[in-house]
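There are 2 protein chains.
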Amino acid sequence: MSRLVMKFGGTSVANIERIRNVARHVKREVDAGHDVAVVVSAMSGKTDELVAWASQAAPLYDASEYDAIAASGELVTAGLLAIVLKDMGLRARSWQGWQIPLLTDDAHGAARIASVDGSKIVARFADNEIAVVAGFQGLHAASGRVTTLGRGGSDTSAVALAAAIGADRCDIYTDVDGVYTTDPRVVPRARRLERVAFEEMLEMASLGAKVLQVRSVEVAMVHKVKLTVRSSFDDPADPKLGTLICDEEDIVESQIVTGIAFSKDEAQITLRRVADKPGVAAAIFMPLADANINVDMIIQVISDDTTTTDITFTVPAAEYSRAKAILEERCGQINYALLQGAQDVVKVSAIGIGMRSHSGVAAKAFKALAEKGVNIRAITTSEIKFSVLIDAAYTELAVRTLHSLYGLDAAA
Amino acid sequence: MSRLVMKFGGTSVANIERIRNVARHVKREVDAGHDVAVVVSAMSGKTDELVAWASQAAPLYDASEYDAIAASGELVTAGLLAIVLKDMGLRARSWQGWQIPLLTDDAHGAARIASVDGSKIVARFADNEIAVVAGFQGLHAASGRVTTLGRGGSDTSAVALAAAIGADRCDIYTDVDGVYTTDPRVVPRARRLERVAFEEMLEMASLGAKVLQVRSVEVAMVHKVKLTVRSSFDDPADPKLGTLICDEEDIVESQIVTGIAFSKDEAQITLRRVADKPGVAAAIFMPLADANINVDMIIQVISDDTTTTDITFTVPAAEYSRAKAILEERCGQINYALLQGAQDVVKVSAIGIGMRSHSGVAAKAFKALAEKGVNIRAITTSEIKFSVLIDAAYTELAVRTLHSLYGLDAAA
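Chains as they are written, first to last, in the numbering used here: chain Y, 1 to 412; chain G, 413 to 824.
Same shape as in the complex, but just chain Y (with noise of 0.2 Å):
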């Protein structure tokens, strides 16, 4: 007997057949004779319609309505699936996070969770009683108002709420059946991890890859939850394992490259014959960070003319206008010649442990693309990854070329 926690997204509860086919999945554990939170997120596409009338209300929408308004998803969702459950014969009831609490700060819209008491639902384990607990949302104390975790937030609603009851496992049910070398739409020849460490997990999330929110691991690496990604598409009666992400040590043969990822939300702004003299680099960085912009890689290349230097660096996507037009107004102080911007990169990653143990796993990739003939505009390491900007037209070559160059290929 133990504790688990199981999470379904948006796809997995998108319809009444679907919340039948989940609670197919949790019956199952709950046969198997352990204690079960389960946490959901709104139906599919119900979030999207919220967060659209939000803009339509006003274009600056107020975050706090916002939260308001999006986490109702989650309510229906919940209700639902202890509706369909108890009609099967279990005990459930569903929770809203105000009424976990799951407590969070104030920072609307993306809130970081600063407390999950798990007390009550673990009271009602003594009865069989399912929690059937509203994703993504969560409670800020001294205002009393609701807060959302941002997208993707169930996730790390899960995780954290498994910490708190002390759960075995936290098992996520999504839409594919596990964490993939890469995208098999671009690389037909992924393959299916079965174990990935919290830390490379942590990387891939964060540079691109969707499969789980990025917070969610941290706190799951954080808290040492065991997590799995699985799909809720399997048979109920016979389902796959899926993803265990896990401690390293968990790891019995890692790869040195566990993984390649990649991603388009990338803008790459250059300027160029900047005075190369002391305090440029705060001139130029520092308004875009009083601006909440964050910069990612950067490479500074002295010039022909050695007085002066050439810096290139990425921002988010979404952030380049913003990031433009900051740098474009402060051209007299910062003093540079020519700003130049570009669009369409795309920033390709390798991650994997076995980089620590590892030398020259970086410029073995660097000399594949090159014979490639890709272009690499701004290079950033790290112990357990690389990082390359490139033009977004050799996007799918370059992820090919190293997913093939470490081995990570499915047999033919």
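Accuracy of the hints is not assured; some may be wrong.
Derived lysine-lysine pairs resembling DSBU-like cross-links, with alpha carbons at most 35 Å apart [as the list claims (entries may be wrong)]:
1. K240(Y) x K226(Y)
2. K264(Y) x K367(Y)
3. K27(Y) x K46(Y)
4. K458(G) x K210(Y)
5. K458(G) x K46(Y)
6. K210(Y) x K324(Y)
7. K46(Y) x K439(G)
8. K458(G) x K27(Y)
In silico contact screen, one side only, chain Y against chain G (beta carbon under 10 Å); selected entries [said to hold, decoys possible]:
9. Q96
10. F366
11. K367
12. T401
Derived from the structure by calculation, the hints contain no laboratory data. Glycine included, each C-beta is placed from N, C-alpha and C at the ideal position.
Based on these hints, arrange chain G on the given structure of chain Y.
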């Protein structure tokens, strides 16, 4: 300067454009210097959608989960209206039932309000903040669960809130411009009433007029909340006053009959040749009461043979089959010869506080209906109304006849 509660129903908030129109009505009152609390229903059709999902999930769905689901529609409207009001430069925030809190008993699906804490809302009037309250819902304190007040419950939310904050008036904005002498679709010469007494409105709502939830009128009467019924489709800059529902003494010239109501939600059951002995009424009506079936009109006629009696009564149309089955099961105990039923019946009622001081009001009606060939199946009377049960086919004829008889027709 005064306090106002304004309530807007589902058709008044059916889309963002209509919500913007509602905001203009609110702004007019705020600009006039009033402190305003707004109560909103779900967008029209949304509650039906939610109820349909619950029914699909399980035909006999759990009432507490139904409430958790059904109450979500109002959260969306409240948030959207708050966004629009803020976008217009006003201060506003949405309130969910549990945030106020509006406390109820635990009769899920048709809960009764226990108390409304108006203090937080009133405190914010000092900052000129408009309260936008999700109607229809409350909180059962002991269980911590969301409850709903039954269909039309937002009217009751509004009146109870008006009582709690000591509002000078509660304006119910709807898709008609007031309370009419009868349904204008049946009688084109129906007139809008300037004023209606609480007692009359209570009878009208109970007897089939759908403009207000019965419970809301009860609460208004007990707490002396001045109510108006008016149209949200009027020009927000120049609205009409609609109908004022007020104390009897505030009505200067009262008619004998104020309005004609009718209800098709009736079914008739007649038991023929019931042994005429003590205890027979209890034998018939106790089992129905035990099954929560409301019996309304009852008439008893001695049969030809003088040792038996015929008993006729009405039950809600929705309970007809259940009532019939209960009585058929007890045929031997009750000892009747024949059970006859009729579902194609309608109850037509005339209401007016003037009946208290005038005799022969009903008799005049019986004569007029007989002259038109309308057969009366049953009659009930009370201090300020009488009702007749007739064949449904005669509904329009009977309503028009009574409407003319009591001088309610508008000038041609």
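Against the structure, the hints come out as follows:
At roughly 16 Å between alpha-carbon atoms, K240(Y) and K226(Y) fall within 35 Å of each other, so this suggested pair holds. At roughly 23 Å between alpha-carbon atoms, K264(Y) and K367(Y) fall within 35 Å of each other, so this suggested pair holds. With a CA separation close to 26 Å, the supplied pair K27(Y) and K46(Y) stays within the 35 Å bound. Of the supplied pair hints, the one linking K458(G) and K210(Y) holds, its CA atoms being roughly 32 Å apart against a limit of 35 Å.
A C-alpha spacing of about 12 Å is found between K458(G) and K46(Y), which places the hinted pair at or below 35 Å, so the restraint holds. A distance of roughly 28 Å separates the Cα atoms of K210(Y) and K324(Y); the hinted pair therefore holds under the 35 Å criterion. Proposed proximity of K46(Y) and K439(G) is supported: the alpha carbons are some 30 Å apart, at most 35 Å. With a C-alpha separation of about 30 Å, the suggested pairing of K458(G) with K27(Y) holds against the 35 Å cut-off.
Given hint, Q96(Y) at the interface with chain G, holds; its Cβ is 7 Å from that chain's nearest Cβ, closer than 10 Å. Contact between F366(Y) and chain G, as hinted, is not supported at the beta carbon level, the nearest pair being about 50 Å apart and thus beyond 10 Å. About 54 Å separates the beta-carbon of K367(Y) from the nearest beta-carbon of chain G, more than 10 Å, and the hint is not met. Interface hint status for T401(Y): violated, as the beta-carbon distance to the closest one in chain G is roughly 48 Å, over 10 Å.
Hint compliance for this structure: hints 10, 11 and 12 are not met, and every other hint is.
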